[in-house]
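Please construct the entire structure, taking both the sequences and the accompanying hints into account.
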Amino acid sequence: MEQLKECLDDKNKSDREIIEGMHALLQKITLQFERSRMLEYTELMLSMPRLLWVNFVAGVARGVGVVIGITFVTVLLLYVLQWLGALNLPLIGDFIADIVRIVQSQLDSKMY
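The numbering of the sequence shown is the UniProt record's numbering, which starts it at 1 and goes up by one.
Heads up, a few of these hints could be off.
Stated by the list, open to error - Have a look at the derived ranges for each label pair, beta carbon to beta carbon: (1) 41 - 108: 25 to 33 Å; (2) 68 - 109: 48 to 56 Å; (3) 81 - 38: 22 to 30 Å; (4) 40 - 100: 49 to 57 Å; (5) 38 - 85: 55 to 63 Å; (6) 55 - 80: 36 to 44 Å; (7) 106 - 68: 25 to 33 Å; (8) 26 - 47: 22 to 30 Å; (9) 35 - 100: 57 to 65 Å; (10) 83 - 34: 52 to 60 Å; (11) 81 - 109: 41 to 49 Å.
Think of the hints as simulated: they come from the structure by calculation, not from any bench.
Just so you know, even glycine gets a beta-carbon here, dropped at the ideal spot from N, CA and C.
Have a look at this one:
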């Protein structure tokens with residue numbers, strides 16, 4: 001906007017120079033518009049089936065990523081707990097035994 005103002009306010013420039021300056025600014029704006037991919041975004045927003053499909057695929061990808069991530073973290077946690085159990089440390093062993101008792105009592109009390 002500043003450049004346009006400077007281009008128009010300069011009294012020493014001829015009409016041709018002003019038009020060339022405006023043309024150069026318009027080319028810059030066009031290039032920035034193309035880089036922002038605004039046209040593709042607008043077409044996506046106007047096409048409901050395509051928008052639904054893109055969001056569906058993105059949701060499935062996120063869901064698969066979450067499942068893989070949780071699986072990896074759970075396996076890692078179980079591996080660490082197994083390793084700690086193999087050390088037979090009294091404090092950790094008692095803690096794991098308490099967890100097992102709590103889970104078992106919950107399973108026994110909730111008979112469906």
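Looking at the structure, which of the earlier hints fail to hold?
1, 2, 3 and 11
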